[in-house]
Amino acid sequence: DAGVTQSPTHLIKTRGQHVTLRCSPISGHKSVSWYQQVLGQGPQFIFQYYEKEERGRGNFPDRFSARQFPNYSSELNVNALLLGDSALYLCASSLGRVGGEKLFFGSGTQLSVL
Amino acid sequence: RKEVEQDPGPFNVPEGATVAFNCTYSNSASQSFFWYRQDCRKEPKLLMSVYSSGNEDGRFTAQLNRASQYISLLIRDSKLSDSATYLCVVINTGTASKLTFGTGTRLQVTL
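So the sequence lines, in the order shown, correspond to chains S and C. Reminder that position 61 of the first sequence reads as 61 in my numbering, one-by-one numbering, no gaps. Reminder that position 50 of the second sequence reads as 50 in my numbering, one-by-one numbering, no gaps.
Misleading hints may appear alongside valid ones.
Listed next, with one range per pair, are the computed distances between beta-carbon atoms [to be verified]: (1) Lys42/C - Asn59/S: 24 to 30 Å; (2) Leu74/C - His18/S: 42 to 48 Å; (3) Gln110/S - Ser26/C: 26 to 32 Å; (4) Thr110/C - Leu114/S: 33 to 39 Å; (5) Gln41/S - Asn12/C: 20 to 26 Å; (6) Ala67/C - Asn59/S: 24 to 30 Å; (7) Asn59/S - Leu74/C: 30 to 36 Å; (8) Lys52/S - Thr110/C: 44 to 50 Å; (9) Gln108/C - Thr14/S: 31 to 37 Å.
Once the Cα atoms are required to be at most 35 Å apart in a straight line, the calculated DSBU-like pairs of lysine-lysine come out as [said to hold, decoys possible]: (10) Lys102/S - Lys13/S; (11) Lys79/C - Lys42/C; (12) Lys102/S - Lys45/C; (13) Lys52/S - Lys2/C; (14) Lys2/C - Lys30/S; (15) Lys45/C - Lys30/S; (16) Lys42/C - Lys102/S; (17) Lys30/S - Lys42/C; (18) Lys42/C - Lys52/S; (19) Lys42/C - Lys13/S; (20) Lys45/C - Lys2/C; (21) Lys30/S - Lys52/S; (22) Lys13/S - Lys79/C; (23) Lys2/C - Lys42/C; (24) Lys52/S - Lys102/S; (25) Lys45/C - Lys13/S; (26) Lys52/S - Lys13/S; (27) Lys52/S - Lys45/C; (28) Lys13/S - Lys2/C; (29) Lys2/C - Lys102/S; (30) Lys45/C - Lys79/C; (31) Lys79/C - Lys2/C.
These are computed hints drawn from the structure, not numbers from a lab. Note that the structure is a prediction, hence the values are computed from the model and not measured. Cβ coordinates follow ideal geometry from the N, Cα and C atoms, glycine included.
When you get a sec, could you build the whole thing from the sequences and use the hints?
Now the structure itself:
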C-alpha cells in the first residue's frame, strides 16, 4: 500500500518566487496536515484540511495558503518566498479529523530559497 | 516560554546503556502526548503514545506527570539503531487537529 507521497522531493527557488508543493494522502484518509521543519527544530503546524475544508491554521503569514481536492490530495502554496522559508515541508495524513497517534507523514519536500 | 521544551542534546551513550529524556509542556489543558522518532533527513514516525498510567513497548517506557507537566522516555539496552532524534509531541484541548512538537533530543549510540 502506498504511504503519504509528496512531490517534488527537492526544490530550489529564489527570493520572491512562488512555490506549490503537493501531497497525496494514504488511500481512505480524509485529513491532510502541513508542517514546516527548519533545520534543528521540530515541525511547526501550518494547516490542517479535513473533508476539503480548512480545520486549523498555525502561526504563518498569509503568503502561505493551501487547499484540498475532492480526491483528498492537497497543495501548499507559498508566495513571495523569503530566505527564511527554506525548510523541510512535511505533509501528514490521518483517517479522521484528529491526528494524534494515527498521523502518518510523507518524506517531505526540501525547499531551498536562495 | 515555548509550548513544548526538550533538551536538544546530543546524548552520546554506549551500546547497552539506559538513557532517559524529559520533555516539559506549558499548557496544563494539554490532552494527548506522544513520542515520535525522526532519523536524519527523514520524516517523523510515531514511536509511542504516553498515558498517565505509563506505558511500555519492549525496551521503551513512556511516562506522563500531569502535576509537573512533563513526559519522559526511557530507553533500556540501547542499540546502535536507536540513534535518532526523539520528538516530544503534545495535542492541546481545542486544537485537536494540531500537533505541537518539541525541538527534539538527539541520541547517538556508540560502540
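Do the hints match the structure? See the list:
For the hinted restraint 24 to 30 Å between lysine 42/C and asparagine 59/S, the CB-CB distance of approximately 25 Å keeps it satisfied. Between leucine 74/C and histidine 18/S the Cβ separation comes to about 46 Å, which falls inside the hinted range of 42 to 48 Å. Taken as a hint, the range 26 to 32 Å holds for the pair glutamine 110/S and serine 26/C, whose Cβ atoms sit roughly 30 Å apart. Remark: the range hint 33 to 39 Å for threonine 110/C to leucine 114/S is upheld by a beta-carbon distance near 36 Å.
Restraint check, glutamine 41/S to asparagine 12/C: a C-beta distance of roughly 21 Å satisfies the suggested window 20 to 26 Å. For the pair alanine 67/C and asparagine 59/S, the supplied restraint of 24 to 30 Å holds, since their beta-carbon distance comes to about 29 Å. The hinted window of 30 to 36 Å between asparagine 59/S and leucine 74/C holds, with their beta carbons roughly 33 Å apart. For the pair lysine 52/S and threonine 110/C, the beta carbons lie near 48 Å from each other, so the given range of 44 to 50 Å is met.
Between glutamine 108/C and threonine 14/S, the C-beta spacing of about 36 Å keeps the proposed range 31 to 37 Å intact. Restraint check for lysine 102/S and lysine 13/S: satisfied, since their Cα atoms lie roughly 33 Å apart, inside the 35 Å limit. Restraint check: the Cα-Cα separation between lysine 79/C and lysine 42/C comes to about 19 Å, which is no more than 35 Å; the hinted pair holds. The suggested pairing of lysine 102/S with lysine 45/C holds, with an alpha-carbon distance near 10 Å, which does not exceed 35 Å.
Taking the CA atoms of lysine 52/S and lysine 2/C, the gap is about 31 Å. The hint holds against a cut of 35 Å. Straight-line distance between C-alpha atoms of lysine 2/C and lysine 30/S comes to about 30 Å, which keeps the hinted pair within the 35 Å bound. Of the pairs offered as hints, the one joining lysine 45/C and lysine 30/S holds, with about 19 Å between alpha carbons and a cut-off of 35 Å not exceeded. The suggested pairing of lysine 42/C with lysine 102/S holds, with an alpha-carbon distance near 18 Å, which does not exceed 35 Å.
The hinted pair formed by lysine 30/S and lysine 42/C meets the criterion: a straight-line CA distance of about 23 Å does not exceed 35 Å. Between lysine 42/C and lysine 52/S the alpha-carbon distance is near 27 Å, which keeps this suggested pair within the 35 Å criterion. About 21 Å separates the Cα atoms of lysine 42/C and lysine 13/S, which keeps this hinted pair within 35 Å; it holds. For the proposed pair lysine 45/C and lysine 2/C, the alpha carbon gap of about 22 Å is at most 35 Å, so the pair holds.
Among the hinted pairs, lysine 30/S with lysine 52/S is consistent with the structure: their alpha-carbon atoms are about 8 Å apart, no more than 35 Å. In summary, the hint linking lysine 13/S to lysine 79/C is not supported, as the alpha carbons are separated by about 40 Å, beyond the 35 Å threshold. About 24 Å separates the Cα atoms of lysine 2/C and lysine 42/C, which keeps this hinted pair within 35 Å; it holds. A C-alpha spacing of about 19 Å is found between lysine 52/S and lysine 102/S, which places the hinted pair at or below 35 Å, so the restraint holds.
Proposed proximity of lysine 45/C and lysine 13/S is supported: the alpha carbons are some 28 Å apart, at most 35 Å. Restraint check: the Cα-Cα separation between lysine 52/S and lysine 13/S comes to about 28 Å, which is no more than 35 Å; the hinted pair holds. About 25 Å separates the Cα atoms of lysine 52/S and lysine 45/C, which keeps this hinted pair within 35 Å; it holds. Distance check on the hinted pair: lysine 13/S and lysine 2/C sit about 31 Å apart at the alpha-carbon level, within 35 Å; holds.
Distance hint between lysine 2/C and lysine 102/S is fulfilled; the C-alpha atoms sit about 25 Å from each other, no more than 35 Å. Annotation: proposed proximity of lysine 45/C to lysine 79/C holds, straight-line Cα distance about 18 Å (limit 35 Å). Proposed proximity of lysine 79/C and lysine 2/C is supported: the alpha carbons are some 31 Å apart, at most 35 Å.
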